[in-house]
Amino acid sequence: MENLTFETHFQDKIDQEIKIEPRDWMPEAYRKTNIRQISQHAHSEIVGMLPEGNWISRAPSLKRKAILLAKVQDEAGHGLYLYAAAETLGLSREQMIEDLHSGRAKYSSIFNYPTLTWADMGAIGWLVDGAAIMNQVMLTRTSYGPYARAMVRICKEESFHQRQGFEILLVLSKGSEAQKAMCQDAINRWWWPALMMFGPRDTESTNSDMSMKWKIKRKSNDELRQQFVDMIAQQVTLLGMTLPDTELRWNEQRGHYDFGQINWEEFWQVVKGNGPCNKERLAARKKAWDEGRWVREAATAYAAKQKQKQKAA
Amino acid sequence: MTNSSLVDFTLYLADSTLVLGQRNGEWCGHGPVLEQDIAITNITLDLIGQARSFYQYAAKLIGNDCTEDRLAYWRNEREFKNGLLCERPNGDWAQTIARQTFFSFYQRELFTQLLNGSDSTLAAIAEKSLKEVRYHCRWSSEWICRLGDGTDESHQRLLNALDNLWPYTGELFIAAQYEKDLKIDTAGMSISWMTALSDLFAEATLPPPSLTSTFMHTGGKTGQHTESLGYLLAEMQYVQRSYPGCEW
Chain A
0 MENLTFETHF
10 QDKIDQEIKI
20 EPRDWMPEAY
30 RKTNIRQISQ
40 HAHSEIVGML
50 PEGNWISRAP
60 SLKRKAILLA
70 KVQDEAGHGL
80 YLYAAAETLG
90 LSREQMIEDL
100 HSGRAKYSSI
110 FNYPTLTWAD
120 MGAIGWLVDG
130 AAIMNQVMLT
140 RTSYGPYARA
150 MVRICKEESF
160 HQRQGFEILL
170 VLSKGSEAQK
180 AMCQDAINRW
190 WWPALMMFGP
200 RDTESTNSDM
210 SMKWKIKRKS
220 NDELRQQFVD
230 MIAQQVTLLG
240 MTLPDTELRW
250 NEQRGHYDFG
260 QINWEEFWQV
270 VKGNGPCNKE
280 RLAARKKAWD
290 EGRWVREAAT
300 AYAAKQKQKQ
310 KAA
Chain B
0 MTNSSLVDFT
10 LYLADSTLVL
20 GQRNGEWCGH
30 GPVLEQDIAI
40 TNITLDLIGQ
50 ARSFYQYAAK
60 LIGNDCTEDR
70 LAYWRNEREF
80 KNGLLCERPN
90 GDWAQTIARQ
100 TFFSFYQREL
110 FTQLLNGSDS
120 TLAAIAEKSL
130 KEVRYHCRWS
140 SEWICRLGDG
150 TDESHQRLLN
160 ALDNLWPYTG
170 ELFIAAQYEK
180 DLKIDTAGMS
190 ISWMTALSDL
200 FAEATLPPPS
210 LTSTFMHTGG
220 KTGQHTESLG
230 YLLAEMQYVQ
240 RSYPGCEW
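From first to last, the protein sequence lines are chains A and B.
Numbering-wise, numbering that gives the first Met the number 0 puts 262 at position 263 of the first sequence, and it's gapless, one number per residue.
Numbering-wise, numbering that gives the first Met the number 0 puts 61 at position 62 of the second sequence, and it's gapless, one number per residue.
Possibly wrong hints are sitting among the right ones.
[What the hints assert, rightly or not] No farther apart than 20 angstroms at their CA atoms in a straight line, the calculated lysine to any residue pairs in the SDA-like style are these: (1) K308(A) - H154(B); (2) K173(A) - Y242(B); (3) K304(A) - L205(B).
Everything labelled a hint here was simulated from the structure, so no lab data went into it.
This is chain B alone, in the form it adopts within the complex (with noise of 0.2 angstroms):
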């Protein structure tokens, strides 16, 4: 294992963690109901904190009074490695809870191998991110079915949306070479997902996924990104950018 896979794939966990809060983040204040702001703000505010214990590793292992600031704000499209589906944007409620349910069923089984792997750093971060995991898993499931088997609507709205995300979907499980590096089995992870998917969508009443029937976009991983990423980054890094060298 190299440093710099461990680095590049610390940077991957931070920065799809940090590019999916920042997405949601945006729900704060426009939910569509008080309740569901509240608890779309809880999962973005996890997905900070999960980002910043990644920052602040893999600022410790890039050394040289690196920091996660540093890393958060003033790398590049090019640079960020987020998965594709972090970056897509809100859409309407199907769409990011869509997005949400993809995700967060993904990180469940990474994190659950991370929990068991070499890095103790990682492990712990994993663990203690799982629970917040288990209940972002809960809570996107149970909106898959409200909305799955809600009206007419709604169903018909979280079929396009999750269309509209699947080849995004498929990168997840290809793996990097700095996931090949450190032995990351994406294949085993693809396995248990497509399950766990499979039996809430049955009780969602939508149509089971398919992994091998569509087309998926890859690139996030390594920095090639979608368009939507640098008005992302542009506006999330403005303020650190515009006043260089100051504490906030």
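Okay, chain A solo, but in the shape it has when bound (with noise of 0.2 angstroms):
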């Protein structure tokens, strides 16, 4: 009886748009729906390092080089922002880190696929931060206080990221021969893994419904990915590239791109684990936390020290 007037002032705050807080109470479903979500953001952003890191070394230039050594920092920065609105409802950054690695918390599967050339940092930043943005926007308002805030922070440099992206592969479009091939290349690598980082459809989709109802979701996978679709089929041809996806066409009644048929068996193969890099990108993740064991409890053992000689000061 009671947990049922809690939900019913719970619902109504949503219903007239209050933020939810940290204190404040919430249903047990939501409060895990956010964990899930946002902690799978964070990881996100963590792997999402390794596929661009893979260039740093490599970058054709220096000012490329630097550019990209920004953003990647960027990624670490939200991820920072992200564990710490995720952390608000009760979990360690060290317990999300574990569940990452035993496989229980999960992270886009967009980075499961290799980087294999310039022209890959290029369509990242345009398509699949682009596919992000959609989401990314949308969660500025979602219900979850912090997760709202730190969307904030995080969709302001995701744009910046975007037109980087754009910027890298407007430069390649009009180079040589060999850099137009490049260019084309990495579009048609990454074009329809960015359509399936919308996820589901929304006929499939298991989270969706109760996701809206508590506004963590404001639209659903279908439309997101609509809307990501009519704005990319228009900025290609800035590029005067294509996509690879013969029956793209404008349709008039409906006012939007029709789009062809995403392979969901590669879908489900890349999420069940069975992408180009799960393996690799787990494993150097789990790598650089179990190397740096040590690294941390030095840092922990000098500060308990430090704190030791202040009192006996």
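Since each chain sits alone in its own frame, please combine them into the complex, following the hints.
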């Protein structure tokens, strides 16, 4: 009975667009959904550093090297905000990281695809960050306060990243024949995985109904995906490149672009761990964490000694 | 002062910061804890920024449409003048911290000298860079203390790292011909560098460093490197060289 009153009060707040804050009562499922989603988002930022980090050492100019470093560093910063937001729900960062390493927690499947050429740095910025922004702009209005506020900061940087990515491709698209081919190849490889980033079709998405009611999510997977296709189908013409979809065309009646079938078999395979780089990505994160253990222990031991000294003084 | 000495010295400054930046950049995404991943990447960004300033100046001195990228991407192992210390592999976190400490403390001395030197462009770059270098010194000193006075394991790992890298510090203070031409006082720098390090090591419960008792490697400043530089450059330069004449 009492829970019912709490729950009514909670839903009232959501309906009136009042943010839920860490100390507020919330249904256990709301807490769990937010922990799952925010930590997954944090893990995606951290694992997402790896495919781009690949190219820091090989960036083709000093300016590009500096921009790429700054971008990957931004992602680490996003990871930090998001871990901090998730921690307000009662799970420690260490626990979240353990969950990532044990496979209990997921990260965005897109980062299980390889970065094979320099053009991939452009395609990731333009398509992957572009797709992420669709979702993230929506999340600036999500009902959980700390998450919404983290997203406001993140969105500003992400839209900058998207422009940078587009600019990398723009330079390639005006370059030599080899550069143009490199550009088109990267678009071909990243287009479909980018569309998969919005998740399963609405008819098959298990977590969606409650998330909509609680305003954790405000637009469905398919709505966001369509919005993305409409945007990119326009922008690709500025590059003089094409999207690898023969069914892509403007539908006057719908006021949207129609597009072809996503390979959902591939999507589920990658989710299950069978993508091109799932094993490498997780192994790299575990290695960094395991090899960093003695460093973290040293820092903790030193801090304790300093505290002791201060006490004694 | 000849123009070619100034070019060589500027390239030495540029190559050293770029090569160390390239090494530190390998940590990005692989650091021991997220906050430090961000910190080492910050330092990397500073180093790459310094390298760009030095390369741009060298390119201007050389003339003939020379560019920063021409100098960074189209010179070979034997033409790179960076200190050997900068190219040593990352190893574990202790090795990276030791390398950064030796180098940042050295940069602090060197840039202070350039600040009062006769070349106004180098003085301006040094002034801007010193702000960054002071932070790098503080950051790496804090880590020397944490590792030195942390756990037994961290203490031992740091001792190993210092032993490993010490033989690569000597050449920083042996003037190459271009430094002699420019009247860089390497001997004076070595004294203040040593004093600062001794203080830090004492605080970190480490034995004092010694400049006299160990053999020192040389050659970096005149283009004779360790084996690892060739691999570093091959990786760094391959895109530029695979597609000559392209914009990126």
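A quick look at each hint next to the structure:
{"no.": "1", "hint": "K308(A) - H154(B)", "result": "holds, 19 angstroms"}
{"no.": "2", "hint": "K173(A) - Y242(B)", "result": "holds, 14 angstroms"}
{"no.": "3", "hint": "K304(A) - L205(B)", "result": "holds, 16 angstroms"}
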